[in-house]
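Using the hints, position chain B against chain C.
Chain by chain, the residues:
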Amino acid sequence: MAAVLDPSADKSGRKSGRSLAVAFAVMVALFAIAPFVAYPIFLMKALCFALFACAFNLLIGYVGLASFGHALFFGWASYVTAYAVKIWGLSPELAIVAGAATAAVLGLIVGSLAIRRQGIYFAMITLALSQMMYFFALQAKFTGGEDGIQGVPRGRLCGVFDLSNEMTMYVFVVVVVLAGFLLIYRIINSPFGEVLKAIRENEQRAISLGYAVDRYKLVAFVLSATLSGLAGSLKALVFQLASLTDVHWTMSGDVLLMTLLGGLGTVFGPVVGAFLVVAMQNYLAPFGQWVLVIQGAIFVVCVLAFRRGIVGEIARLLRVAL
Amino acid sequence: MFEIFGIPSQALFGQLLLGLINGSFYALLSLGLAVIFGMLNIINFAHGAQYMMGAFAAYLLLQHLGLNYWEALVIAPIVIGAIGIVIERLFLQHLRNLDPLYGLLLTFGLALIIEGLFRNAYGSSGQPYQVPPALQGGHNLGFMFLPNYRAWVIALSVVICFATWFAIERTRLGSYLRAATENPVLVRAFGINVPRMVTLTYGFGVALAALAGVMAAPIYNVSPQMGSDLIIVVFAVVVIGGMGSIMGAILTGFALGIVEGLTKVFYPEASNTVIFVIMAIVLLIRPAGLFGRRA
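In the order they appear, the protein sequences are chains C and B.
Under the numbering used here, think of the first position of the first sequence as 1, with each following residue one higher.
Under the numbering used here, think of the first position of the second sequence as 1, with each following residue one higher.
Here chain C stands alone, though its shape is the one from the complex (with noise of 0.2 Å):
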């Protein structure tokens, strides 16, 4: 996995530093441009997901972690946020750190049983859990079961901004998912970050030079459940709605599709990713079942021809980080 997974090893420091800055330019840019473009729902969608799949890469891509269960904390922070301002009449930012804290917490739940085990099955553990909690939703009251917890009012973020308005709902939703992307890149790029890439490439080789792995994993673990929380809160905010589909594993599938084919382990594939298969399953809806079809055939060539993902092969082919 490791050789596959680092288009962007740090040959040239400076060059891949200036080669992110203008992709990062450009994507500001092209977020600003979109809301006059495209629906602003439809946009504040794949941002939601942009973030989650990029949360979902800290794990993946950085730490070589596979987990199949991510759902479980995009779906319980948005049920948590969902419940919290329909119900407790909450203001919207608070909704939203109650719903990442619910993550957090989570996290830490989950991270410390899953690391217990390496590799696949990591992966299977991880997807068991998220399926209790599926359950767990599908029982709960809170959850409202089947029908979810609908009409969720926006409200006014710190008592001023209008979030029923799409285009202020659309740059809050834009900042946070900013905010998250920098803080991931910042998490990726320190001392922290670069222990937790020496696991991915070798974690014996980490536990002989005295890294407490166990714990970087954990930590790891926990910010990107948290962030995942984050992205799920959001969600919560601009369908107005928490249903079960937000906990079904197929919404972790759908995540890790994104980041597989966005680039695991590139700063941006998983944004570029969560756009592409936003927007194909918005396309495709009208095709029915064919979209899990389509999914499942991308899922083979991916892994099959194009293990680098769109991104990572961008990167490669013009030799710089992305």
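A few of these clues could be false.
What the hints assert, rightly or not - What follows is a set of in silico ranges between Cβ atoms, one per label pair, in the way DEER data are often shown: (1) B:121 x C:240: 49 to 55 Å; (2) C:41 x B:145: 41 to 47 Å; (3) C:160 x B:225: 45 to 51 Å; (4) B:225 x C:145: 17 to 23 Å; (5) C:105 x B:138: 47 to 53 Å; (6) C:28 x B:259: 52 to 58 Å; (7) B:123 x C:145: 20 to 26 Å; (8) C:118 x B:145: 42 to 48 Å; (9) C:301 x B:193: 27 to 33 Å; (10) B:170 x C:101: 41 to 47 Å.
Worth flagging that the hints you see were computed from the coordinates, not collected in a lab.
Note that the structure is a prediction, hence the values are computed from the model and not measured.
Just so you know, even glycine gets a beta-carbon here, dropped at the ideal spot from N, CA and C.
Below, chain B alone, put in the same frame as chain C:
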């Protein structure tokens, strides 16, 4: 009629029987997963989809060719197993030198494709499949009513599980298999065609899943999503048992089915989640699984 712990015996043994039935499927499927994992070092995410294909094969053979349950019991595993061999040749063999994670991703993609295709063709609602005439009805054992078909499912899966265990642990072919699991290069040096053995092993594992699917067809509805929910539980079973041992996979499967059945009697709300809770506890106490060896 009598009562045990305040539960009528009919209800208790009825749920126990249901638990054993579920356990039979857990055992058959986790056995297949363990066999495939041993040889290919891949977790076959498509196992649930292949189980579903087995059930659909039985349904389609009956609808279109008029072939009955007994014929389907033989034909479906062969056909689906052959499809498995094609999948191994086309896709999985190219992943041999990669991280096992990619095998999981690829088979996950295959599972999505298969489920999507069947949903397109047959919708999401289930198709009924009749219990074969020879196995209709049942016996009243006094303390419970035992439907013949369910007794047959349990008996057949015990026989198949034991036969597989015997073939792998006690025969010459099985010893080749185990040797190739330990050290494929050395076994190849002895003139044994390991890649072919790998292909056939995958085909066999898939055939086991398809056989379980045929057996499940008269009990559960034949539906495109019947495999995907089951496979997640089977993953938990595999984590609990550890994939190091064939007998471990079988025993864990049956035992967890029974535990689930008992949970339905005493605390029904937890019956969906009890296996996952047990998994969490096992991870805390014995991280390598009950029968697993530390990697």
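Against the structure, the hints:
Distance hint check for residue 121 of chain B and residue 240 of chain C: the Cβ-Cβ separation is about 36 Å, which falls outside the suggested range of 49 to 55 Å. For the hinted restraint 41 to 47 Å between residue 41 of chain C and residue 145 of chain B, the CB-CB distance of approximately 55 Å leaves it violated. Distance hint check: the CB atoms of residue 160 of chain C and residue 225 of chain B are about 46 Å apart, consistent with the given range 45 to 51 Å. Between residue 225 of chain B and residue 145 of chain C the CB atoms are about 19 Å apart, so this pair conforms to the stated range of 17 to 23 Å.
Remark: the range hint 47 to 53 Å for residue 105 of chain C to residue 138 of chain B is upheld by a beta-carbon distance near 49 Å. Between residue 28 of chain C and residue 259 of chain B the Cβ separation comes to about 54 Å, which falls inside the hinted range of 52 to 58 Å. At about 24 Å, the beta-carbon gap between residue 123 of chain B and residue 145 of chain C stays in the expected band of 20 to 26 Å. One distance hint, 42 to 48 Å for the beta-carbon pair residue 118 of chain C and residue 145 of chain B, holds here, with the actual separation near 47 Å.
Evaluation of the 27 to 33 Å hint for residue 301 of chain C and residue 193 of chain B yields a pass: the beta carbon distance comes to about 30 Å. The supplied range of 41 to 47 Å is broken by residue 170 of chain B and residue 101 of chain C, whose beta-carbon atoms lie about 55 Å from each other.
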